[in-house]
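Protein chains in written order, with the working numbering: chain A, 77 to 282; chain B, 2 to 566.
Keep in mind that the hints were calculated from the coordinates and are not lab data.
Backbone N, C-alpha and C define an ideal beta-carbon position, used for all residues, glycine too.
It is possible that part of the hints are untrue.
Restraint ranges, calculated between C-beta atoms of paired labels, are given here [stated by the list, open to error]:
| no. | chain 1 | residue 1 | chain 2 | residue 2 | range |
| --- | --- | --- | --- | --- | --- |
| 1 | A | 209 | B | 274 | 48 to 58 angstroms |
| 2 | A | 279 | B | 464 | 19 to 29 angstroms |
| 3 | A | 173 | B | 453 | 30 to 40 angstroms |
| 4 | A | 104 | B | 324 | 45 to 55 angstroms |
| 5 | B | 458 | A | 279 | 48 to 58 angstroms |
| 6 | A | 209 | B | 497 | 54 to 64 angstroms |
| 7 | B | 274 | A | 95 | 35 to 45 angstroms |
| 8 | B | 249 | A | 99 | 19 to 29 angstroms |
| 9 | B | 274 | A | 212 | 52 to 62 angstroms |
| 10 | A | 250 | B | 509 | 27 to 37 angstroms |
| 11 | A | 95 | B | 153 | 40 to 50 angstroms |
| 12 | A | 223 | B | 324 | 26 to 36 angstroms |
| 13 | A | 145 | B | 465 | 53 to 63 angstroms |
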Amino acid sequence: MNTSANEPGNGSASPTAQALFERERLPFPPVPPQLAASLQQQGPGWFATRPLSSTPYDFDHFLAEVDAQSGLPDYAVVGFDGHGINSWAVHFYLVGKGIALFIQLPWGGAYLEPEPARAEIAELLEWAETLLSRLRLAESAGKIPDGMRLQVAASRFGHAGWRWLDATQDAAATRWKPSAGMKAAMLQELDDVIGGRRLLKTMPPR
Amino acid sequence: MKPISNPSGGTVRPVEGTSTDGARGPNIPHAAGQPPRSVDLVSRGEQSDASMRPRAAPPILSRQVSSQGGEIREEAAEVRQATAATRERGPTLEDLLAPERRQDATARKERVQLVHSALPNGGAVMKRLKDRAARERPSTSAEKWHALRNGKPKPLDGDRRNAFDALIYADVMALAETGKIDFWVAAATMRAAVVDGTLGHGILAPDRQLLLKTLDRMAMHVALNYESKNLNVTSDTLPAFTNSQVLEKPTMLGSGTYNSVFAVKLQNPDGSVFDGVFKPLTRTDRGWAAGATGIPEDDPQTAMRNIATLSYAKKLGLDVIVDTRLALIDTDTGRGVPELGLIMERSLGEPAYRITDVSVLTRPDVCAEVTKLQLLDHLTGQGDRHAGNYFIHIPPNGRAKVMGIDNDQCFGKNMTDPAGIQRVDGDPERWGFRGTGLPPVVDTEMEHKINKLTERNIRFMLGNKLSEEEIEAAISRHKGLKIHIAQLRSAGRVIEPEQWGRADVQLRLSAKNSYVERERVKAFAWQAGWQGIKALHHSRRRAACDVSTRRDARGRAASARNNIW
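Same shape as in the complex, but just chain A:
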């Protein structure tokens, strides 16, 4: 992974972030250790490893940013953000080698039913951990070309879908695969990549 913008050693807020998730009785997102060490609190309920121009609630900003800036440093965002009485969500964003993962699920709003919401969050974060471990396997096997990323958008308020995107591709012209059944589809895709049944190729530069 590239270097994070927040250098570790300045007093990571990771324990504070973990305590906050613990208070909400939610599992902590699978932030890679080198990024967790750089987490800093940037809002009342959220933490990031780099200074941000937008708050996590603005999901589409982060999606668009990663498309627009191929040289974006690795970063992670975790925490709770929103506005009003019900427009609140838990967030886990992770941008690194081979991955650009954006999860935004309802949490903290006045009308939330905690138990089903908690179950959904736990399930998705557990899936994210599995996905990241398979991605690492694929990377270590040299199956993911440099500059290629698996982009995942999972928002109940905004966009949901997935796609492979390499740095040379025009993001706007690259179609998202639909969200339906995407968790299983992505795990299967990575299994196929690791097993050599699916070959990832970068597109020739335009």
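Following the hints, complete the assembly by docking chain B onto the known chain A.
Chain B alone, transformed into the frame defined by chain A:
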């Protein structure tokens, strides 16, 4: 909600000595426990628009009449005599001031009664201050011994000041509870009692000054709430509910760490229960849609935007926004003072993203009601309408009801195009919006309501809520929507209200031009995987009106309900 009288006697005349430092206090309406311009704080539900305007307090309060029949009869005799004398020689200054003096005297009697009953022997503060005075100027032998033992009183600062404030707070609370009045009215009542000598006889002058100042501060807390939020005091922003109407202790709904929202049960003026959600106002707010449309981050005017949205919906007769008002409530978070916030009626039904029965989203009444909300959003420039901030409720055997909440990211001055709320992939200026394009179909009722609205209506409706630039943008969006509706009329796409179930109408709706179709596509996708989407398009294209085919598609969707994402 009962009218709140000025504790100094129901008149608007400033009480003598209202300023502790010799200067007149700030011109803040709620200072000294008096509502702005002597406005009766009456819940909006019980009054017409005209009665929302500030009005003078009644000369004699009904409470006084009912509780003091004998005195009233005496007063009536006095009034008759005075009237007869006036007829003979014309009114003197004395005659003119007499009614007001009688009111002051009656109010003082009431105040004395309340203070004596709520604070036996003057209450905890007076006990403490009299003890200090006795140590400073002991007169009896016991006081002299006491002064010798404890020394001269020390300045009331630091911990002593905190303890002093706590005593005052407890006494004010006792007054509020005994008199069944709001905290800030009780603070002003106690203050008036100190000024008129009912309380505080013999206490040290500096202590008296400090006491008055502290009571001022407590009474002015209400005003400061408005000031700190930079919220104009208008008939629309006066608190519709205050502490005295809270029926049950507010309970936290949101996290508390990052989102403080409370469930509250309040008493309506007619005695019924208002089940609401209360969110204290914050001074700042961030949000992509707000920033992109020109809503200032450091002064977002969240309350005004919510209230303006409700006003707009009411004006158009579009019942798709929750009842939203201001309230001043102590949420018992330990600060001990009421907070100004928005109170919204509790939404019924489910947020749109949680609708598990996709057939709900194809109901004609749901299509119509969600389209009304969408049209309102185009008019208000609402940039953040996602499936979590509007609710769909299907009452048993009734018409669907749609309710939008969190109406604060709207009325930005830069949003002049009604279609501008649409999310556009790849466009940095549009990618953060959560709305859609303009609807491809409207019904005659919607057409009539929007065409009937005039620029003058919009100015009148929003004039005391938004800036001139924001109002101009609203006018521009209304013009744009009228043009769009005229185009729909020309293209034969204005239907009758009962025709939302027509196959050709449903086919025109897409995720890019319709909220309801956007949610429908997502629901199918989440619930049924690819098969669901195929079933949706297949069933709609082949036989949109074929009930059995649609039921089959829904059945397949339901069977795959757990296969989300």
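Hint-by-hint comparison with the structure:
1. With their beta carbons about 52 angstroms apart, residue 209(A) and residue 274(B) fall inside the hinted range of 48 to 58 angstroms.
2. About 56 angstroms separates the C-beta atoms of residue 279(A) and residue 464(B), a value inconsistent with the hinted range of 19 to 29 angstroms.
3. A C-beta distance of roughly 59 angstroms is found between residue 173(A) and residue 453(B), which places it outside the suggested range of 30 to 40 angstroms.
4. Distance hint check for residue 104(A) and residue 324(B): the Cβ-Cβ separation is about 39 angstroms, which falls outside the suggested range of 45 to 55 angstroms.
5. Roughly 55 angstroms separates the CB atoms of residue 458(B) and residue 279(A), a value that falls within the hinted 48 to 58 angstroms.
6. Here the CB-CB span from residue 209(A) to residue 497(B) is close to 57 angstroms, well matched to the stated 54 to 64 angstroms.
7. With their beta carbons about 38 angstroms apart, residue 274(B) and residue 95(A) fall inside the hinted range of 35 to 45 angstroms.
8. A hinted range of 19 to 29 angstroms holds for the C-beta pair residue 249(B) and residue 99(A), which are about 25 angstroms apart.
9. The supplied range of 52 to 62 angstroms is met by residue 274(B) and residue 212(A), whose beta-carbon atoms lie about 56 angstroms from each other.
10. The hinted window of 27 to 37 angstroms between residue 250(A) and residue 509(B) holds, with their beta carbons roughly 29 angstroms apart.
11. For residue 95(A) and residue 153(B), the Cβ-Cβ distance of about 49 angstroms falls inside the hinted range of 40 to 50 angstroms, so the restraint holds.
12. In this structure, residue 223(A) and residue 324(B) break the distance hint of 26 to 36 angstroms, their C-beta atoms being roughly 53 angstroms apart.
13. For residue 145(A) and residue 465(B), the Cβ-Cβ distance of about 44 angstroms falls outside the hinted range of 53 to 63 angstroms, so the restraint is violated.
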